[in-house]
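So the sequences go chain by chain: A and B. So for the first sequence, the numbering used here puts the first residue at -9; every next one is plus one. So for the second sequence, the numbering used here puts the first residue at -9; every next one is plus one.
To be clear, the hints were calculated from the coordinates, so they are not data collected in a lab. Using N, Cα and C, we set each Cβ at its ideal position, and we do this for glycine too. Each hint can be trusted.
Here are the computed distance ranges between Cβ atoms for each label pair:
(1) Asp152(B) - Asp152(A): 38 to 46 Å
(2) Thr57(B) - Ile64(A): 31 to 39 Å
(3) Val10(B) - Glu137(A): 51 to 59 Å
(4) Ala115(A) - His54(B): 38 to 46 Å
Over the 12 Å line for every Cβ pair with chain A, so calculated as not near, a few chain B residues:
(5) Arg(-7)
(6) Ala14
(7) Pro40
(8) Gln44
(9) Glu46
(10) Gln75
(11) Val77
(12) Glu112
(13) Gly118
Some chain B residues judged to face chain A by a derived CB distance under 8 Å, without partners named:
(14) Arg6
(15) His28
(16) Gly31
(17) Ala70
(18) Gln149
(19) Arg150
(20) Leu157
(21) Arg160
(22) Ile165
(23) Asp168
Number of protein chains: 2
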Amino acid sequence: MRRVSAALVHHPVLDRQGAVVTTAITNLDLHDIARSVHTYGLEALYIVHPVAAQRELAGKVKEHWTTGSGARRIPDRTPALQKLQMVDALDDAMAALGSGAELWTTSASVRGESLSHAAGRERLAGDGPPVLIVFGTGWGLVEAVCERADVHLAPILSQRSDGYNHLSVRAAAAILFDRLLGVR
Amino acid sequence: MRRVSAALVHHPVLDRQGAVVTTAITNLDLHDIARSVHTYGLEALYIVHPVAAQRELAGKVKEHWTTGSGARRIPDRTPALQKLQMVDALDDAMAALGSGAELWTTSASVRGESLSHAAGRERLAGDGPPVLIVFGTGWGLVEAVCERADVHLAPILSQRSDGYNHLSVRAAAAILFDRLLGVR
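Okay, chain A solo, but in the shape it has when bound (with noise of 0.2 Å):
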C-alpha cells in the first residue's frame, strides 16, 4: 500500500474564461476535503495558496478545531483537520512528501491520456513511492500541471447523455478516494 495524500490548489488554477488565476479558500473545501481525507486513509492534505494571508486564515480555521474551542465543542473534527498543510506552492508539497514522490492530476474533462480508476486503485495498493493527488480550484489546474504530472486520472464521468460534469471539487475528492482506496 503506497503512501498518499491530496493538494487543493488555488495557483495557478483556470477561472471560467480559461484565464490563470489566484482563488480564495473556501472553509467547507478544508472541513469536507480534510474529513474525506482522514476517512480514506491519506496521510495529508496540502492547501496550495501564494498568498501569506490566505494561508494564515486557513491556519486559524486548522488551530479552531485542533486546538481551540471547536475542538471541544465537536471533537470528531480534530483528526481530520489536522490533516492540514499549508503551503506557498505545489512543488513544497511535493518536497514535503520526498524525493520520488508521484504527482497524480485530476480535471473534470478528458485530456488524451489519461488513468483509470481501477487501474489507479491497483498502483496505489502495490508498491512504490508516495503519491500526491492534485485537485484545482476554480474552472481546474492549468495545463503546465497536467504536462508534468507523472500520471493523468480519469475525470468523474456523468452517465447523463448532455455530458454535464460539474461536480463540486468536494464532492469529486470524496468519489475520488473512494474509487481509489475504498473498502470493497
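The hints should help you fit chain B onto chain A, whose structure is shown.
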C-alpha cells in the same frame, strides 16, 4: 432503471447529544448535493424544512441560479439547482413521488438490517417504484424515520481501524450516488 430522487432532511434530525432538533439550511449543501444529484441522473433533490423562512431562503438561492444573475454568470449551475424542491416534511416529498414510492434511509452508523450498496445498485437498475434516498443533516436521521423505511442503506465504512465515520453529508451523498448509480 428506477426513478430516483434524494431528500435532505433538516427536521426531525439529531444533534450531537441525541436530541431531536431542526438544523439551518447550509448554502453549499444545496449547491453540492444538487450538482451531484444532476450528475448522477437523479430526478429531484427535496429540501425538507418545517420553517417557511428557511424554505424561502432556499427558494431564493434556487431562483438566483436558475433565473437570476447567477444563471447568467455560471450557466452550468442552472440545471443542477433546478432540481431543488422545498417541502415542509418528508411525507410531502414521498407524496410528490406518487403512491408506492420507496423510502431509502441512510446513516453513518451500522444498524441491524441494512442493504449493501452493491445490492442497492442492482435493485435500482431493475424495475420497480420510484425511490427517495434520504440524508439527515446534523447528527443524522431520527430512529423513527429509519424504522419506517423500506430500505436502510449500509453506511460508508472507513478502512481506518479506529472506525472514524465523519464524512460531510455533501461527501457522503456524492459517494453513495456514485456507488448506487455511477458509470462502471
